[in-house]
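Engineer: Okay, here's what each chain looks like letter by letter:
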Amino acid sequence: MRNVTLVLEDGTKFHGKSFGYEAPVAGEVVFNTAMMGYPESLTDPSYAGQLMTLTYPLVGNYGVPPFTTEENGLPTFMESDKIYASAIIVADYSEQYCHWNAVESLAEWLKREHVPGITGIDTRELTKVLREHGVMMGKIIFDDEPENVPTAEYAGVNFVDKVSCKEIIRYNEGAKKKVVLVDCGVKANIIRCLINRGCEVIRVPWNYDYTDMEFDGLFLANGPGDPDMCEAAVKIIQKQMSLSDKPICGICMGNQLLAKAAGAHIYKLKYGHRSHNQPVRMVGTEKCFVTSQNHGYAVDAKTLGADWEELFVNMNDGSNEGIRHKSKPWFSSQFHPEACSGPVDTEFMFDKFVEAMN
Amino acid sequence: MKDENIKKVLLLGSGALKIGEAGEFDYSGSQALKALREEGIETVLINPNIATVQTSEGVADQIYFLPVQPYFVEEVIKKERPDGILLSFGGQTALNCGVELYRNGILDKYNVRVLGTPVQAIIDTEDRELFVEKLDEIGVKTIKSEACENMEQARKAAAELGYPVIIRAAYALGGLGSGFADNEEELVKIAEKAFSFSPQVLVEKSLKGWKEIEYEVVRDRYDNCITVCNMENFDPLGIHTGESIVIAPSQTLTNSEYHKLRALAIKIIRHIGIVGECNVQYAFDPQSEDYRVIEVNARLSRSSALASKATGYPLAFVAAKLGMGYGLFELKNSVTKTTSAFFEPALDYVVCKIPRWDLSKFRGVDKELGSSMKSVGEVMAIGRNFEEAIQKGLRMIGQGMHGFVENKELEIDDIDAALREPTDKRVFVISKAMHKGYTVDQIHELTKIDKWFLEKLQHIIDIDEAMKKCNINTLDKELLRTAKVYGFTDFQIARAVGLEDELKSMRKASLVVRNRRKNYGILPVVKQIDTLAAEYPAQTNYLYVTYAGVKSDITFENDKRSIIVLGSGAYRIGSSVEFDWCGVQALNTIRKEGYRSVMINYNPETVSTDYDMCDRLYFDELTFERVMDIIDLEQPNGVIVSTGGQIPNNLAVLLDEQHVPILGTKAQDIDNAEDRAKFSQMLTNNGINQPEWSALTSMEDIDRFIERVGFPVLVRPSYVLSGAAMNVCSNEDELKRFLQLAANVSEDHPVVVSKFIEHAKEIEMDAVAKNGEVIAYAISEHIEFAGVHSGDATIQFPPQKLYVETVRRCKRVGRQIAKELHINGPFNIQFMARDNDILVIECNLRASRSFPFVSKVLKINLIELATRVMLGLPVEKPSKNLFDLDYVGIKASQFSFNRLQKADPVLGVDMSSTGEVGCLGDDTNTALLKSMLSVGHRIPKKNILLSTGGAKQKVAMLDAAKMLIDHGYNLYATGGTSKFLTENGIQNTHVLWPSEEGDEPKALDLLHNHTIDMVVNIPKNLTSSELTNGYKIRRAAIDLNVPLITNARLASAFIYAFCTTKLEDIGIKAWGEY
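Residue numbers (this note's numbering), protein chains in the order written: chain Y, 1 to 358; chain X, 359 to 1432.
One chain only, chain Y, in its complex shape (with noise of 0.2 Å):
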């Protein structure tokens, strides 16, 4: 394995070993506190631009499951067509892997993919100093090649646009109920969530005026990156709303560009919430819920419209994990009730939003 060096912004280095595609990379470096779910959280295209870190020290444990697809189009094990991130960054890479369901290895796929992929990092050291100075932006530099130095930005990039579908794709066609889903990076999942409660899901790309189509309920999916460079998406929600009641969910991306349509504003967090334990509580009420998290944008819920109000709240630092308009069935959330990965405990959400197109 070649040896190979993570450089922050700050200057601070980590040196280790490169296990992936030997290619040197730049990128935010993010952490993500979850202890499983590698296949599941490097094809979120909301890692896109990232480098991810995980602390959770031993990866590789299970290999890499198949691309299959299943009927519906959707692929069976992972949450898009291809890994997102521009690379992962861990402490104990497990060269063997034992799983009845795996193909390859980790390394094999990252090579395949062209990901690089890092071990042998102290990332408990590493998510501290993230934590202390916030996320920056990282290089990993191949110690035999210093000349090579790649270069990214973060800031200001319209990442959803990116990674959003440039076509129309429609899933379970005929169904009862028909769902516009805004394709700003959406998981698979989300998509599976819709069909397996019997709706046709119409997955527009994230700038598309769905207004004049024929819909039952609107979705919002997450995606990466900042949702002020979304302004277009933004528009079009606020024409929705503006012409009719039909009800509007949103997830992460969703939660924070229907925040932006209800007037609220965006800023980012010091490091984000990337994990599968971040515990919510419902507003108003005694209900908590552990759940799974992947964003680096937070909704100020002060500069909420008056006609909006929090349906969640993170319980650790108390930023905003959903809101809901008053009277009409808009809501979103934060966090992931579709979980792939992290737990399933909210997914509740997806229920909701079906009996409010009935």
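No lab work stands behind these hints: they were computed from the structure.
The structure presented is a predicted model; accordingly, all values stated were derived computationally and were not measured.
Any given hint might turn out to be false.
Claimed, not checked - Only pairs whose alpha carbons sit at most 20 Å apart, straight line, appear in this in silico SDA-like list of lysine to any residue:
1. K826/X <-> L837/X
2. K1337/X <-> L1316/X
3. K17/Y <-> K835/X
4. K1300/X <-> D1317/X
5. K287/Y <-> G683/X
6. K1337/X <-> A1309/X
7. K563/X <-> N508/X
8. K876/X <-> D987/X
9. K909/X <-> T12/Y
10. K625/X <-> E286/Y
11. K806/X <-> Y97/Y
12. K625/X <-> E347/Y
13. K695/X <-> R281/Y
14. K806/X <-> A102/Y
15. K690/X <-> T12/Y
16. K806/X <-> C98/Y
17. K690/X <-> V283/Y
18. K287/Y <-> S698/X
What the hints assert, rightly or not - Selected chain Y positions facing chain X (in silico; Cβ < 8 Å):
19. P57
20. D92
21. P279
22. E286
23. K287
24. V290
25. Y297
26. N316
27. A339
28. G342
What the hints assert, rightly or not - Simulated DEER-style distance windows between Cβ atoms:
29. P895/X <-> H15/Y: 55 to 63 Å
30. K690/X <-> D307/Y: 31 to 39 Å
31. K166/Y <-> E823/X: 39 to 47 Å
32. K326/Y <-> K365/X: 41 to 49 Å
33. E147/Y <-> P895/X: 34 to 42 Å
34. K499/X <-> L269/Y: 51 to 59 Å
35. G263/Y <-> K360/X: 34 to 42 Å
36. D648/X <-> A175/Y: 26 to 34 Å
37. K436/X <-> L269/Y: 42 to 50 Å
38. D648/X <-> K326/Y: 44 to 52 Å
Where is the CB? At the ideal position from N, CA and C, for every residue including glycine.
Got chain Y sorted already, so can you dock chain X onto it with the hints?
Structural biologist: Just chain X, lined up with the frame of chain Y:
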């Protein structure tokens, strides 16, 4: 919100430590009591286990050293009138007792509310049939199981399910009375035993080879649920989880699998209606996502203690708060102090639990591991990779192993068989097999252990093999670092590169490696366990040491205020909760005096490894290397080695050589007590008597020595080949047989032979000295004569039957020894006394097992006193001594023979008890009765079987036998005993030994049909190890759950106690009332 109507709460403890129910309940109970006291609630505790931390002053408001049994609990309720009761913090003992109180209507009668999980929910999880029904209601799969009430049903069920099947007793803890059967013959054997523990026996389809996965789940009364931790067994299903190496979090599950089981666990806990904590165990198919729920424990368990330590999430503390009515959202994460208690810990390390067995202590025991638990303790190792964690763990179990490799060669005849049929040594068999070239696939075929684990073990072998190709000079920095990262000690590395042969001293060789790597800058770092994988800042003092990191999480003050206390390691026979108590008392005193208390220990069952108990907790090894690493970082003011039993004691000299400041008695003096020859010389110089002894290296020498002192002799081999470690030999035959079996007598392995004095009293002195002057002491007396190990003996304090002159002599000798050895701190001396002659058997310059017992009876905390001495603080001699007490404390031993299949339940010079209780009484009888009932004896109803051994014992038992008749008992007696009783005019029924044929009733039949309520079986001599008649009767008594006593003195005392004292006359008095 908290329920304000609850002002006084009764908590039931778990009693004596036994296999399957050990120190973890001291930890959970202590946490619960802390949680309650924080709320200003008055607490009452019932627990006869006097050595626990929870029964210490200031932990509960009222403490009752009484049996955790419905009768006594009702009496306490009557007296104390608590508003609520907590049942889930005292293991199965407390749970069973609580269910019985509920069923008898006692709780209703006195208006006592069960806090937390409702009793019906407990019953739903405990009764197998109800449990399956309950889970069927929500479509959750359980192991197909047939509840059978008799043997015929069991046979039929097994035939229908198809062999292999597993048999379990309902309402039993830790798999008591359960086992696998491959055919009908085996079924009948196991089922019969199971029926003796429970009227209901379950026959289930065996899922051998499936993965075993556990989740710890918490639910509040608002229906909020979290899973705090999941754990995966290294050993596949078929080996009890208490016998299995366990990894947290799971390593081989995908996201989908992990969350499928997690969601099921939450669904189950909601449906059953747990409020607090529970544990869900799954069998999981390694080839699909198919699963079965094995069981749900609706209480704190060994796993929950482990999960608390593994994650830093204090499950028992939180469960107690939830029982008080709080919601999870109202509680804070006790590590970060800022984030919510409603969350699931994210680990950034891996934890490995390894059981500690002591099977070699038991004669005849079955060493194969299976569905019933035999281990007596466990360790938890933390690492940043699996290899590091398991190598640490294998050292921690303290059986002379240095990790996964570089151990003494195991002698295995048939490696395949040893892999297929797991024993306590299996992981080392894997090491051997790998070195011999077995592939991972081959080992997987034989063991069914997941290949991922085996690949990791293979990785350790690969690193080892790479090092073996080097010598110390060719070993490069990179390989050295790799070895350290993957958990190799300096010792292992030194041995791998052949330094041992070069330097002829492992100690020197290890130091060479140590210095070499320090020069390379290969140093360990200290990481925190913070529950959130560094996502939020945490001021936690819960730490571990690793080489897989570049920077420590904490900074060191170098202010010379740290006092390091070395803990006692894994619980084992001879060292358990009592040393945890000592360690905790030392920590408390250090804190109180304004020093920084630092603990090093790795036993997840303990209170001393609760990060609340000290200012800094290193959950790490007690090896010389690791302790030195921590000392290098901490630069402590001093190190205390005398409160953690033998492990720290043994480090004293090594640490002293490295100029580590050892507090208390000097290392040189410790060595002078530990070294038999030096100690003996010192005694002789001071005119103190001791039994004659000699270290001998040939059979001729042994014969010559015995010719001089005569039989019987006590033989202690220094090198143990098979089982028994020491034994009393009464004649030439026994001596020859024992030495052949157990010892290899040679120049290198001398055998210590000493004169054994029969019918002598044994006396213990626990004391604290300052600068060689005794400040406080406690002298206690064994009920049994010498020959029963002091750890197994029944001890009374203050002594009731010693001459004042004997006590005076003991005191005098104690003073002399303290002076000679310049003792500064705790020490213990064991004496033998016949008439007024006293002989010193042993002396330890450290706290002993009986320190908590005598401290609590005397109400003087000897460890606090000793710690103050060691810190150099002024101490006053306590004004009170043992002659002032107008009550008696009796410490009785708990045995776990029922768990140890085939072991001979007879007591000898080697210790075999797993725990103890200590009860107080106004006189010997009441104290003895309470303590005997606490360790599982019952007052017999009608029929008693006597086999009273040799002539002397027969005579000794005569009065007791008469008394039994006078009190209306029926006596059954075997041949010689029957004859002797009849000759002495005592009516009895003659019964036949197992080997005898005839028309008279057979002893075994009477046991099997439960005619007999109590067995007194006294072996004729202490050596016979073959399957004798006596063994069969003793074993049957254990297997059929009939109380058994094997010592004439103890039997007489117990019989006297229950014949003269009625249960109603036993005073229900709290500790504070004596």
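Engineer: Could you tell me which of the hints above the structure violates, numbers in ascending order?
Structural biologist: Hints 15, 25, 29, 31, 34 and 37 are the ones this structure does not satisfy, whereas the remaining hints hold.
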